[in-house]
Amino acid sequence: MTTATTESEKDVERRQVHGVVVRFAGDSGDGMQLTGDRFTAETAAVGNDLATLPDYPAEIRAPAGTIAGVSSFQLHFSDHDIHTPGDAPDVLVAMNAAALKKHLPDVPTDGTIIVNTDGFSRGNLKKAGYDSNPLEDGSLEGYRLHPIAITSLTTTALEDFVESKALTTKEAQRAKNMFALGLVSWMYSRPIERTIEWLEDKFGSRPELADANVKALKAGWNFGETTEVFTFKYDVAPAELPPGRYRNITGNAALAYGLVAAGELSGLTLFYGGYPITPASDILHELSKQKHFGVRTFQAEDEIAGIGSAIGAAFGGALAVTASSGPGIALKAEAVGLANMYELPVVIINVMRGGPSTGLPTKTEQSDLLQAMFGRNGESPLPVVAASSPADCFHAAIEAARIALAYRTPVMLLTDGYLANSAEPWALPDVDSLPDLTVEFAEGPNADGEFLPYKRDPDTLARDWAVPGTPGLEHRLGGLEKADGTGHISYDPGNHHRMTELRHAKVAAVAKTIPDLEVDADTGARVLVLGWGSTYGPIRGAVKKVRDKGVPVARAHLRHLNPFPENLGDVLRSFDHVLLPENNMGQLAMLLRAEFLVDIKRYNRVTGLPFRTSELEAEILELHNSGGVA
Amino acid sequence: MTTATTESEKDVERRQVHGVVVRFAGDSGDGMQLTGDRFTAETAAVGNDLATLPDYPAEIRAPAGTIAGVSSFQLHFSDHDIHTPGDAPDVLVAMNAAALKKHLPDVPTDGTIIVNTDGFSRGNLKKAGYDSNPLEDGSLEGYRLHPIAITSLTTTALEDFVESKALTTKEAQRAKNMFALGLVSWMYSRPIERTIEWLEDKFGSRPELADANVKALKAGWNFGETTEVFTFKYDVAPAELPPGRYRNITGNAALAYGLVAAGELSGLTLFYGGYPITPASDILHELSKQKHFGVRTFQAEDEIAGIGSAIGAAFGGALAVTASSGPGIALKAEAVGLANMYELPVVIINVMRGGPSTGLPTKTEQSDLLQAMFGRNGESPLPVVAASSPADCFHAAIEAARIALAYRTPVMLLTDGYLANSAEPWALPDVDSLPDLTVEFAEGPNADGEFLPYKRDPDTLARDWAVPGTPGLEHRLGGLEKADGTGHISYDPGNHHRMTELRHAKVAAVAKTIPDLEVDADTGARVLVLGWGSTYGPIRGAVKKVRDKGVPVARAHLRHLNPFPENLGDVLRSFDHVLLPENNMGQLAMLLRAEFLVDIKRYNRVTGLPFRTSELEAEILELHNSGGVA
Amino acid sequence: MTEATTLTKKDFTSDQEVRWCPGCGDYAILAALQSLLPDLGARPESTVFVSGIGCSSRFPYYMDTYGMHTIHGRAPAIATGLAVARPDLDIWVVTGDGDGLSIGGNHLIHALRRNVNLKILLFNNEIYGLTKGQYSPTSRLGTVAKSTPMGSVDHPVNPVSLALGAEATFVGRTIDTDRKHLQEILRHAYEHRGSAFVEIYQNCIVFNDGVFTALTDRDAAVHNRIELEDGQPIEFGPEDARKAVVQREGGFGVQIVDVADAGDRTIVHDVDREDPSLAFALSRLAVTPTGPTPIGVFRKIDRPVYEEQVVDQVEQAVARKGRGDIRSLLESGNVWDVT
Amino acid sequence: MTEATTLTKKDFTSDQEVRWCPGCGDYAILAALQSLLPDLGARPESTVFVSGIGCSSRFPYYMDTYGMHTIHGRAPAIATGLAVARPDLDIWVVTGDGDGLSIGGNHLIHALRRNVNLKILLFNNEIYGLTKGQYSPTSRLGTVAKSTPMGSVDHPVNPVSLALGAEATFVGRTIDTDRKHLQEILRHAYEHRGSAFVEIYQNCIVFNDGVFTALTDRDAAVHNRIELEDGQPIEFGPEDARKAVVQREGGFGVQIVDVADAGDRTIVHDVDREDPSLAFALSRLAVTPTGPTPIGVFRKIDRPVYEEQVVDQVEQAVARKGRGDIRSLLESGNVWDVT
Ligand SMILES: Cc1ncc(C[n+]2csc(CCOP(=O)(O)OP(=O)(O)O)c2C)c(N)n1
Ligand SMILES: Cc1ncc(C[n+]2csc(CCOP(=O)(O)OP(=O)(O)O)c2C)c(N)n1
Ligand code: SF4
Ligand code: SF4
Ligand SMILES: [Mg+2]
Ligand SMILES: [Mg+2]
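Residue numbers (the working numbering), protein chains in the order written: chain C, 1 to 630; chain Z, 631 to 1260; chain R, 1261 to 1599; chain F, 1600 to 1938.
Since the hints were derived computationally from the structure, they do not count as laboratory data.
There's no promise every hint is true.
To be verified - One side only, chain R facing chain F, incomplete, derived with CB under 8 Å: (1) 1417; (2) 1512; (3) 1513; (4) 1538; (5) 1576.
Glycine included, each C-beta is placed from N, C-alpha and C at the ideal position.
Given only the sequences and the hints, what does the whole structure look like? Please build it.
Rendered as structure tokens:
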């Protein structure tokens, strides 16, 4: 992990490393997510490539000091291209006993552990379920352990504030996360200037809090610099990223930006109707800040009203969007069918989480693919698109909007809890290169002086879209089967079969406008690792490891899950083995087997966490070395 | 069709035929469904085998006299085993011009047509879209046409009633369907005594109406007997049905009876919570009449409350049932997931209709299979059972209840609009032969003095079911992932994967208690015709036709769609071709291809109607004669 | 169609065959609305009818305007999205007692409290017509219907009380066959800015004939129709048996007395008071319309319209930050350049 | 546990760690109920807590009774099924302002109108706590929350008014931190036969701290708490500034005046009048609890309980037709024998 080169500077030795995984862990109230976010920002500023994994307890605050209450944030940064937040932390910062207890199993035996000894009171130990103090009973032998009284050091640093009553003791203690951040920033040579600016901005209305936090931050930094505890610090050189302008972005933010962009690119008003649900709520939050783009957000009374309002807005000529997570998508099913029958564009986003039922709301999973495909009554096909990385959510959103608008169809866009909350550096796209999504509304009769709302474009099979306000094109839509062309209610047997086929054909027609699946293959590769969605990072990481061992392998990643790219069957048949890792029990595998009658080697884990590269590496190697053709 | 033998009796010749298909068609207000029902009852009394196909306009009354307003009822009866209501009517009774216009295309050119000439006024012709009167313009040449002024003959027969003001003219006219029934009953030598009794019973409170209807009925009969119009009548001998006690039954009634029986067999209170929807409402209606079985029915405010109430009742220890059709099942999806997580028995019935969306509410379709399998968020497997004929709904309901209770799981039971409303003679089962469904509730601790609600039976993997009121077993269920055993909330990664696997394994375990798929195969059969659900009748009919041609063929029908019978893969692989006709676009075919990687020849039609035996016959023959192995 | 044209009923009548049972109350409502719309100055191209599922919900097909026949119970939600996207349109929602109060009750109350500019017509026939006769949330106790062979045991809901409890700004009630009254109430609803909820007693001749005879039967009606008129004392009944609605004596609420006994206690109707208590009390005079029953406008107050406020915020944001630009959106937050 | 044992709070306290934020109002409600239940004579084995999703809906986990943490908004429907299947149980529903009034509003009003024997506690914190702070249907206008950076524009709903509009037979309101009042209202609710709806003002210290200070801040509370007590004149406020609730002068509804000016017009509270108009008018004194706000029992009337009537019909049917028998069911209608 740390192929260390050393140079010395003053009495602190500097070691050059290629990549590090740091995990901050503490109580929900300890501000670990914020610490992680700031450390990420500092790291981005250095120019490293990075990937993050926030992990917080399910929605309710658990009692302070318990394992259930532990919140953590992991950051992987490096001087080269990376794709995952890292399998195991090189450095664990544990702010209390519960944090140590929960995360220790993930730390390799030679890993570094920084513990806040003030979080190891008798009460803390008990709440964490420790019988004896691990800091004292020798159970941490082998680890590079740094026990530091972070809370006390912080309050000492902030004594003046407390004495002058500018701060309560509690407020002073709460700055301990900044101490930890300062220390780790020193360890990895991260600049803290931006964090200082950020603190000053954040606490603008309470400058004493800003000052105190800055002081704690600096105290942490200085603690590293001045004490004997740390005899070396690390440097991680900037990664050689392609030139461009970069920012960090989480999946949900990128998705929201993609929707805003799609609104601009289409020239339509962006309408978002939705009901809060973890982990999709941030899309609503983000969009509600973008009112100056003309975005209209509607927090509906439930998910059905969310998609209902979107359908209404689509009828009115808006770019209509709704988002939710699995349980909410289930509720939308009937209305998705209506959009299907209406043949109106609606983008439906599912930020997938652990299921079934309420499941694991804050954890990631890919188990709603078949729901996306089949979770409605009747033959109700719709295009399905998936995003593969946090930044990719931007482009996936635009692609979903493109299909919806061009084909007049509801489109299901799949992301997940991991993509939603993780961050990565994003090379900002050239805005001028984004696709043109403009739509032409019907403005007059389309058939001998009449207007037939179900008259179709011969290529896309999209029907004409006339919006209220257009004189002469008055028409009525409904969920009952409609006569081809006129759109009137029809119970005719032949018409129903024909319309059913047309709805399928329209979705199939999307394939003509999607690129062939690209395969990144080594010569001699026997195994193709296929992925979709958020397994992109872990698969790339694993494939790199395999390649680093000199083993040839191939890799491909699907953006479109319905319809598939036209070359997919050929691709699958051109390798001895196809390995398909999914964070579900084999949902895409089922679709592929049914479609192409090819065997697929499944690798399925539903743990609420993304794959580790190491487990995938092992699977690839095993398959590569296995005999014969599957 | 009518391999006629003739004998003479008086001046009316009697012809012996093996089977006849009669279709009554008229305006929604003409009482065609009632006429059909009575004709069915008479036919059952004669001991013929029979099958019916009611077909009425979508839910709203259409304007009188229009094609949209035509309602029809088809009855197929014979002296041998039959399985379908017949492809084409031998006799069409058309009460007005619209009825003729709509149904004429189905009548073979040598078919018999009885028309009510009073329904061919200028207005009638116009509403039906006739430019000239088909009774006069020669366009019906070739058919055996019997133009009869049914309405006038009826009112003439009832003159006295009108004169004495016992009846209005309108009421007198409304009895015309009884005239038609009397006539057709005469034609086919059906006894009308029971209908007379029935009329007397039905109009008990208005004896003058009963008398009038009886008089019209007899007038119709006498018209056949005395006029010169009909020179022969037909006899259809009783079918050689297996000995036993018989009754006619529709699918919805049989289903309701099966549920009542399951309640009795399990010793649990039957609770039904549901919201009306075509074509499932009759299950609620039927059950609400069975209160003397202790059945508690709850007409909920919507479908979600329907299944919600069922889940609550199941927690309370009832045999809990909900039913709906596609759109309503879509709404239940989220709650089905909850039942899945709770691992409580709930029988969920989907009487499938044409989709997507509101679709074709009164028409049949099999397009909700994949919704049953996958229409929820997360990995949420559940057993799926389908009924194959109206009477089979009784046994399918008991089987669904058996699985639900034994495995503590929601079970999806699929029937469809065709099964729901069609009738067939049913050899009543021996009540003592019905399975024992008794359940043991947990009554005390199950693990070292503790009660673990998620402790499982090692065979079935069913968890222990403790109901409120039991002291000491207090426990809480929830939709969040639960720890194996204790059922407490658990976010543990490994536990989630394990529980996901357990939920799959539990459903898979059902396979151990279901019989192997039976194959009805001729030696030398190359083609296996596989079916599920209501295609049973058409497939049997088609297979019989193929066999009658001396072509060997095999046939098998699935009751269990998840899990499959254990021998299914072997069965599929043991024929050159598997033909799978479905009233959807290939849903079971997809599951089979994915599961067994075998090619399946699909035959898919979604017309809102059951298959015709002739189209399936043609498919089978074509496949049989085609080269090679698929 | 240009602004200049004078429109007629025909301009609002579609070419679709009307498919209700002969004698259904829906016909009268349809005809009344088709002939009223031109008078109101409505334009077919900027009018949208949105309905759920039910006999009543077939309504949009017969109007030559834009229309959406949606899914069961969801019309108010769908119409809300349309209103937010297109505040320029005239949007009518047509629903039934099952569609709007059973499966769709929640969307209804939320549209009302938000005051979305929708004219919501609830055709109350106290039955599920389309599914052939099950009792509904407005069916009176003991209703024997398909699913209640021994009579219903659910206490019915009073749509006017419910709407008032849900903060509705406009609440009215009228009757299918009284074309004049119906058109008058619909006119008031149309002219109200915000959600207007109108309960229309509608006779289902097939499955629930005659439940409103207390108000529609000529002889009974004179005794039972309490016509609410803004600014007028609430009196009703024939000249020789005139009644008045007064504050309940020695208590709270309203009660009916002979005019002679009312003295100056007769309540003067007042639709635009902020406090809905009077309107609510009036709605309690008849839990179901079997006796004296108020019809007319119960409440009509001013409150900002939901979608206008949404658009307002958008405009304010644009005014404050300038029209958004994708490039600057992407570059918001910390950016860095790699060269 | 046998009948004889005297139960204590401990018998109703489960072994699960309570997971709310420190300082959350939910703790007080939990403790109050755990200690009240033994007093009421409730038994853990015949008590069931049913909740939806939300912070408040975690409640069942902490009660050592039977419990169901269900899905968002559906608790009243699920509890209704349980009640119909098992009328012998004590069933409590715990819900939030989002769970019970946003997604679940419809199930709530239907449970209330049916008068299912459920004790429904709505923890109103005017916010979505669990999803970290979006405004809710009870949030006051202009609430700046995660999804409303420029302030909410939806007019809030008043849970008490809504429940009354939905024909509820018991409606009460109380406050998380006033243990005595809370327990008293819960006792009344428990003793009521039928649906009892209790709105509990509950402070969300993290996302909406202090919205109820008008009633919880000691100094403000004396001026603002209008404690409704059956049979008592409605007066409130400190001795030196005592106020009374009277019929509105020259109009309809209620208003607040100085006691001195009230004369004999002070309204005497009366919970069991069939007409809910007074209760409704009282609920309008405070659309949101920023000033004088009534708490206590608004309404408590007798009406047959839904599930008891369901069971009644079953018993009547058995009495009339005899206990059903499958064989005769199958043979009902026309049968014939083939030999
Ligand atoms: C999701 C769903 N559930 C149920 C139905 C069946 N359904 C259609 S209309 C209706 C009730 C109609 O009653 P109402 O709203 O009063 O309208 P009416 O027909 O009386 O005008 C029902 C239960 C449906 N179409 N969709
Ligand atoms: C179907 C569904 N939609 C949305 C959510 C997300 N969700 C959980 S609780 C909640 C609202 C909670 O608010 P409230 O009922 O007021 O409870 P509180 O947390 O404030 O006690 C939401 C939106 C969900 N779990 N399920
Ligand atoms: S069933 Fe009733 S409501 Fe429906 S169309 Fe017929 S009369 Fe009208
Ligand atoms: S978020 Fe609010 S309501 Fe939820 S536990 Fe915390 S303080 Fe209580
Ligand atoms: Mg109705
Ligand atoms: Mg809340």
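Quick rundown of the hints versus the structure:
1. 1417: holds, 5 Å
2. 1512: holds, 4 Å
3. 1513: holds, 4 Å
4. 1538: holds, 4 Å
5. 1576: Constraint on residue 1576 of chain R satisfied, holds at 7 Å.
In terms of the numbered hints stated before, the structure departs from none.
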